[in-house]
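K.L.:
Chain by chain, the residues run as shown.
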Amino acid sequence: MTAVSDPSQLSDLVAEATDTRVNLDFESEGMTLNMGPQHPATHGTLRIVAKLDGEQVISAEPICGYMHRGYEKIVEVRSYPQINALINRIDWLGSFANEVPFILAAEKLMGVEAPPRAQWIRTILFEMSRVANISLFLGDFGLQLGGMTAGFYAFRDREHVLNMIESATGGRFHPNFDRIGGLKDDLPKGWIADSHVAMDKLLAFCDEMEDLLVGNEIFQSRTRGIGVIPADIALNYGLSGANLRASGVDWDLRRDGCPPGLVYDQADWKVWTHPDGDCFARTWVRLQETREAAKIVKQLLDTIPAGPVMAKVPRIIKVPEGEAYVATENPLGEMGYYIVSKGELVPFRVKIRSASFNNISIVPWVARGAYVPDLISILGSLYFILGDIDR
Amino acid sequence: MIPMLASFAPPYWLSTVIKVLVVGAVVPTTALILGVVFLFKIMSWMQSRLGPQEAGPRGLLQLLADGVKFIQKEDIAPNGADLWVFKAAPLVVLSSTLLLYVALPASAHLVVENLDVGVFYVLAISSLSVIGVLMAGWASANKYSLMGALRAAGQLIAYELPMVLAVMGVVIQAGTLSLNGIVFAQNGGAIFGWTGIGNPYILTQFIGFFIFIAAVQAELTQPPFDMPVAESEIVSGYQVEYTGFRFLIFFLAEFATAFVFAGIAAVMFLGGWAVPWLSANSDWYYVLGPAVLFAKVMLVSFIIFWVRFTYPRLREDQLQSFAWKFLIPLALVNIVATAILKVVF
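In order, the protein sequence lines correspond to chains A and B. Under my numbering, the first residue of the first sequence carries the number 1, and numbering increases by one thereafter. Under my numbering, the first residue of the second sequence carries the number 1, and numbering increases by one thereafter.
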């Protein structure tokens with residue numbers, strides 16, 4: 001990193017560095033291209049205002065808020081169990097993972113701890129939602145780059161995980177299964193054996209994706225060296241998750257800051273990083289992460305302890321006065337809830353730190369000088385979910 | 001019946017009417033066949049899903065239902081569009097397709113016009129569609145359309161050259177520019193004196209075949225060369241403002257062109273309408289020829305669509321460098337090698 005302490009000076013330096021990537025020899029009037037709010041590459045309603053010179057992007061500005069649902073405000077008038085059902089909808093592809101940091105923060109304030117069996121099952125479902133989320137990313141990124149078949153394979157194989165989540169929780173997309181002090185229910189009969197089979201299928205899916213997409217020469221020529229994010233820039237913009245690890249920063253909250261209540265230390269797994277920081281690195285890291293998640297699930301399935309799944313908590317939950325912040329490594333990156341409680345039925349204030357909002361903040365920096373097709377690669381590989389940006 | 005067909009010599013006006021009717025009927029039919037068989041059935045088979053199931057037996061009439069739906073739709077032109085050009089553009093694209101069918105022989109006599117310079121004619125007419133695409137992109141008054149049209153123009157021009165050069169090898173080997181002449185040359189040819197299967201040029205011109213298929217893929221704007229209509233980037237490019245039957249015309253033209261290019265590939269590399277053990281002069285080809293050609297077309301189409309469903313999309317500049325730095329030098333080497341071997345043998 002440069003030894004510049006003044007932030008404005010640093011941003012000038014960054015702007016200068018990016019300017020060298022834009023070819024200004026051939027100046028033209030330029031064109032403003034408005035991508036979205038309805039555009040297939042924006043996964044919903046993100047809007048990108050791109051100023052173009054030919055097909056080269058001079059500047060790209062993401063405009064979010066088209067899907068703002070006001071969660072941070074609405075949870076101020078909802079009780080804690082009700083909030084749990086709401087926040088499932090933030091990152092809708094890995095719903096269970098949204099519940100966990102909130103529940104953990106509430107547990108921290110109340111001073112209760114879930115029994116070991118609940119912690120195990122919580123971690124298993126957390127990783128399963130990661131597999132469901134990222135397996136769809138792999139297919140969807142292929143779809144963004146024009147490889148239609150990968151998308152359908154991803155939808156096909158994600159179904160195995162969703163079936164397991166559904167049979168345990170009753171909800172395919174929005175489980176609402178986590179409770180303060182444990183879980184709603186124990187696992188159904190035969191679930192462990194079935195989950196082993198499902199995880200094996202997902203591991204085979206990862207191999208298939210590596211053959212079909214990640215190993216494909218056209219895919220590599222579309223992603224290698226495109227949208228390079230150096231490690232210091234990634235840290236400055238607050239990137240997290242696979243986007244940060246793809247820039248070579250070895251940081252994973254599951255290993256480096258795992259909150260009590262999740263049992264990642266009970267499994268043998270590895271944090272993958274990639275030194276390149278380009279679109280390919282981000283895809284590759286996610287592919288490896290899916291494999292690791294499936295392995296974590298398989299290991300934890302074999303070591304689930306017996307016992308209750310619910311600790312003793314009062315029937316009507318009142319969280320004592322205080323403040324707590326708990327963040328976990330969600331499929332999209334760091335997700336945290338900062339809960340301020342005044343000791344009532346409802347929280348006084350909840351701040352939701354979602355990963356995608358920070359992850360897309362780097363788009364103006366990384367899209368400068370890219371071509372329009374590369375903009376699609378960059379957006380696709382940063383992997384945001386609109387609900388996670390707008391909340 | 002076959003001798004009757006062989007001796008059928010209608011007057012000029014009647015033969016012209018028949019030809020117009022045949023081309024007018026064949027173009028939508030072939031587009032329908034390719035659409036149903038490949039876009040619906042083979043594609044869903046490759047992607048492990050069912051595809052359309054409801055309309056007609058096993059969903060085979062789905063495309064027909066879609067066509068009816070398109071015709072019922074309102075004819076919308078965007079504000080600020082150059083109306084006249086906007087409306088004419090699909091017809092220009094379709095006319096290029098119709099004219100291509102004129103030269104495709106289904107047997108020695110079952111051809112609309114047996115041109116002596118058939119290869120030349122086909123390659124020239126196929127570039128006509130660029131004009132229609134450019135018209136569509138410009139007249140739509142839409143930035144995505146314009147970008148798509150410019151990409152299409154650059155791409156189609158870049159891929160004319162490798163296509164022409166790929167075909168040159170066949171022309172040198174056959175010694176004729178006539179498509180029927182090429183079929184006769186393959187049917188009557190010999191591999192080192194062995195006349196068992198004639199001499200289908202795919203055996204000697206496999207490089208030419210590969211280049212031709214790659215160029216056809218680019219000409220049809222199909223993945224991995226589908227940047228002009230890239231859905232996830234520029235939302236279908238020059239077609240984005242078209243609805244209803246005007247979009248249907250683009251669709252028909254695309255699939256009918258895929259069929260006719262597969263037919264030309266079959267004629268030039270796979271022996272066309274002839275089968276090896278039956279002399280090309282036989283009268284049997286009045287009924288056998290179209291069937292044989294159709295089978296070969298489906299084979300070539302399968303390759304084209306297989307690639308389409310499998311590969312991701314290249315970037316426009318990567319496509320250009322692939323054409324200029326790889327395909328064209330390869331095609332030139334192929335021509336030189338063919339010419340030398342032609343003199344030697």
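One should not assume that every hint holds.
Just so you have them, the derived chain B footprint on chain A, three or more residues with Cβ under 8 Å [claimed, not checked]:
no.: 1; stretch: 219-228
no.: 2; stretch: 298-312
no.: 3; stretch: 362-374
Which chain B residues face chain A? A few, computed with CB under 8 Å, are given here [to be verified]:
no.: 4; residue: 45
no.: 5; residue: 46
no.: 6; residue: 47
no.: 7; residue: 49
no.: 8; residue: 147
no.: 9; residue: 223
Hints are computed from structural coordinates only; laboratory data are not their basis. Even glycine gets a Cβ: it sits at the ideal position worked out from N, Cα and C.
K.L.:
Now tell me, hint by hint, if it's right for this structure.
P.N.:
Status of the hints after comparison with the structure:
no.: 1; hint: 219-228; result: holds (count 3)
no.: 2; hint: 298-312; result: violated (count 0)
no.: 3; hint: 362-374; result: holds (count 4)
no.: 4; hint: 45; result: violated (11 Å)
no.: 5; hint: 46; result: holds (6 Å)
no.: 6; hint: 47; result: holds (4 Å)
no.: 7; hint: 49; result: holds (6 Å)
no.: 8; hint: 147; result: holds (7 Å)
no.: 9; hint: 223; result: holds (5 Å)
Comparing the model with each earlier hint shows violations of hints 2 and 4; every other hint is respected.
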